[in-house]
Structures are given as structure tokens and as C-alpha cells.
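Novice: Sequence:
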Amino acid sequence: MGSRLRNIQARAAEHGRLRTGYTDGKRPVRSATWVITSHSEEHVRKAAELWGGKPEQWAPLNSTIAQWRVITEAPSIEALITPGDPLNQYNEMWSAGGCQRRCDGETELLTRQPCLCARQFGEDWHTQPKGRVCSATSRFNVMLPDISGMGMWRAETHSFYAAQEWGGMVDMILAGTDGKGFVPVTLRIEPRQVVREGKTKKFPVVVVELRGVTPRQALAGPMNAATALDPGSASQAVAAIEGPKGRDWIADAEGALTSDDVRDLWMEAQSAGAVHPKGTDPLSKQLMAIAAAKDAENATPGETTGPDEDGAYEAEVVEETRPTTWPAAARPPA
Numbered sequence: 003m004g005s006r007l008r009n010i011q012a013r014a015a016e017h018g019r020l021r022t023g024y025t026d027g028k029r030p031v032r033s034a035t036w037v038i039t040s041h042s043e044e045h046v047r048k049a050a051e052l053w054g055g056k057p058e059q060w061a062p063l064n065s066t067i068a069q070w071r072v073i074t075e076a077p078s079i080e081a082l083i084t085p086g087d088p089l090n091q092y093n094e095m096w097s098a099g100g101c102q103r104r105c106d107g108e109t110e111l112l113t114r115q116p117c118l119c120a121r122q123f124g125e126d127w128h129t130q131p132k133g134r135v136c137s138a139t140s141r142f143n144v145m146l147p148d149i150s151g152m153g154m155w156r157a158e159t160h161s162f163y164a165a166q167e168w169g170g171m172v173d174m175i176l177a178g179t180d181g182k183g184f185v186p187v188t189l190r191i192e193p194r195q196v197v198r199e200g201k202t203k204k205f206p207v208v209v210v211e212l213r214g215v216t217p218r219q220a221l222a223g224p225m226n227a228a229t230a231l232d233p234g235s236a237s238q239a240v241a242a243i244e245g246p247k248g249r250d251w252i253a254d255a256e257g258a259l260t261s262d263d264v265r266d267l268w269m270e271a272q273s274a275g276a277v278h279p280k281g282t283d284p285l286s287k288q289l290m291a292i293a294a295a296k297d298a299e300n301a302t303p304g305e306t307t308g309p310d311e312d313g314a315y316e317a318e319v320v321e322e323t324r325p326t327t328w329p330a331a332a333r334p335p336a
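Positions 3 to 336 (this note's numbering) are the ones given, in order, by the sequence shown.
The hints are simulated quantities; they were obtained by calculation from the structure and are not laboratory data.
One should not assume that every hint holds.
[Said to hold, decoys possible] Computed cross-link-like contacts, SDA-like style, restricted to lysine to any residue with a CA-CA straight-line distance of at most 25 Å: (1) 182 - 75; (2) 132 - 205; (3) 204 - 160; (4) 203 - 266; (5) 48 - 96; (6) 132 - 32; (7) 201 - 182; (8) 48 - 75; (9) 201 - 44; (10) 204 - 69; (11) 132 - 107; (12) 28 - 69; (13) 204 - 123; (14) 182 - 145; (15) 201 - 145.
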């Protein structure tokens with residue numbers, strides 16, 4: 003691998019933003035579905051194919067630079083957490099002149115003073131009207147695996163509740179992966195409401211959820227890219243081995259007396275949808291191995307018996323061979 007400059011931080015290009023609202027030309031409007039914006043028309047049109055909506059040109063408020071956007075029909079989208087720490091959080095206050103405050107929750111970083119909002123309004127400062135105090139700003143960088151380009155997409159929220167949940171979720175994942183490997187997630191817009199001082203307030207919160215993998219798989223260590231891109235394959239392999247809930251196919255096979263019993267068990271598993279008809283799944287292969295072991299256990303060297311006292315030999319009983327019920331790939335060796 004080549005060298006890197008040590009005095010700059012390597013990062014992927016930003017392809018666009020994942021928004022929970024849009025502007026109608028005059029004012030911001032909340033959206034129950036994702037809004038995808040980018041300078042790239044190709045990316046936005048692909049997003050419209052995936053999640054619905056009509057691509058259109060658009061310019062953010064107070065900007066003359068045209069971009070592309072699509073107000074999708076999807077309240078949830080699939081994404082990947084990439085190696086490193088994808089989450090950046092500050093309490094921020096912005097004006098037309100730029101960022102006026104940026105606080106880590108304890109220290110306001112521009113003036114190096116203690117948190118101004120907490121000092122003025124106490125620990126419930128976040129309940130104050132917008133503009134009077136900072137907004138809990140969370141920026142979450144993810145990759146959209148079905149849109150071309152290896153860059154990042156930034157989901158940004160100013161929700162105090164999302165800030166709590168995003169931080170907890172990402173920190174748990176980083177504890178298991180050490181910031182290495184990819185993790186498949188779903189970003190879902192969830193409607194919430196709270197009641198304060200007798201008034202009900204409704205608002206959307208972006209929820210980050212694991213997609214296609216269990217906490218055990220996500221926290222077991224870095225996940226390879228192939229599994230992250232197709233998380234269902236890993237879960238299906240585990241499910242195939244375990245079988246339907248309440249039935250332990252492996253334990254039943256190990257308790258069987260003969261390989262024929264194991265093959266009958268395989269037929270039951272096939273009827274239950276626990277194995278592939280061609281026997282190419284992990285459970286079928288384990289059952290085949292157990293059947294072969296049963297054959298080896300039951301095999302005994304041939305014995306030659308002599309005649310009885312009347313000079314007659316014991317008749318040999320030949321059992322009718324049942325046609326195999328296993329697929330061709332699962333037939334035991336002759």
C-alpha cells in the first residue's frame with residue numbers, strides 16, 4: 003500500500019445529504035419520508051428509482067447554487083456504517099453570519115467558556131424555543147450501497163432525542179467492531195410526540211437500527227464487506243442450521259439409530275422449509291455427515307456361519323432397498 007500524508011485526515015467525498023425536511027421556496031417543511039439532495043443529478047435519479055419520488059432541481063434557502071433533490075416515498079432506507087467513527091455531535095447555534103456557538107456539552111469551543119445554554123437555563127435548556135439556545139446537532143455519515151460512487155451521505159438532525167439514541171447506538175457498535183469493518187443499518191424516520199406543560203408536541207426522529215444481523219453478529223467483531231452488503235445470507239445460514247424455532251434438527255439426527263432415520267428427518271426438514279431441496283444448505287450438509295457417521299457405526303465385518311446340526315445353512319434375508327429420498331447431492335456413497 004502507498005503512503006499517506008500524516009498531517010491531514012483521509013476521508014471519502016460527500017455525495018449528498020439525507021434530510022427529514024425540505025423548503026417549499028419560502029419556509030422549511032417537515033417530511034415523513036426521506037429527502038435526498040445532491041449536486042449529482044445521477045445520484046438523485048437513482049435514489050428516485052429506489053425509493054420513489056420525482057427528481058427536481060432545487061436551491062437551499064439563502065443559496066444561489068442549484069442542486070438536485072427528490073422527496074422520496076420511503077420512511078426508511080438501507081445504509082452501511084463504514085470503518086471509523088461515523089458520528090459527529092455538537093450543540094450549535096447558527097446565524098446568517100455563520101456558526102456562533104459550538105459546544106461539546108461542557109465547553110463552548112469558540113470562546114472556551116463553560117456551556118452557555120446550561121449556565122443560563124439549567125439542565126433542561128433544550129426545552130427552550132429554537133433560536134434562544136443551541137440545537138443538539140448530530141451528523142451521521144453513511145454509505146448508500148445501491149447508489150454509485152464510494153462517497154458518503156450525511157444524515158443530519160437537530161433532535162435532542164435522536165442525539166441521545168444515535169450516540170448510544172453507534173458507541174455500542176464501535177465497542178464491538180473497534181471502528182473496523184462495515185455494519186448494515188436501516189435509517190428510519192419515526193414520528194414521536196411529547197407532552198410538556200399540557201401541550202402536545204409532535205416531531206420526527208431518525209432511528210438507526212441494525213439491518214439483517216443480530217446484536218450477537220454485530221458485536222462479535224469486524225464484519226467482512228460481503229456479509230455487510232448481503233446481511234441476509236449470514237442470518238439465513240444460521241437459521242438453516244438452527245432450523246425452525248422449537249426443533250433442533252441436529253440433536254434429533256444425532257439421536258437417530260440409522261442413516262435411513264436421518265434421511266427421513268431430512269425429508270421432514272425439507273417439508274418444513276428448513277433445508278434446500280438440492281441439499282446445498284449448511285443444515286443438509288450437517289445431516290449428510292451425521293448419516294455417513296451412522297453408516298460407519300452400524301457397519302460390521304461379514305461373518306461366515308456354518309451349518310446347523312441337520313446340515314442346513316441359515317437362510318440369508320435380503321431386505322428390499324428403499325429408493326433414496328435424498329437429492330442427488332445428498333446421497334450417501336454406495
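Novice: If you check each hint against the structure, which ones fail?
Specialist: 1, 4, 5, 7, 9, 10 and 15
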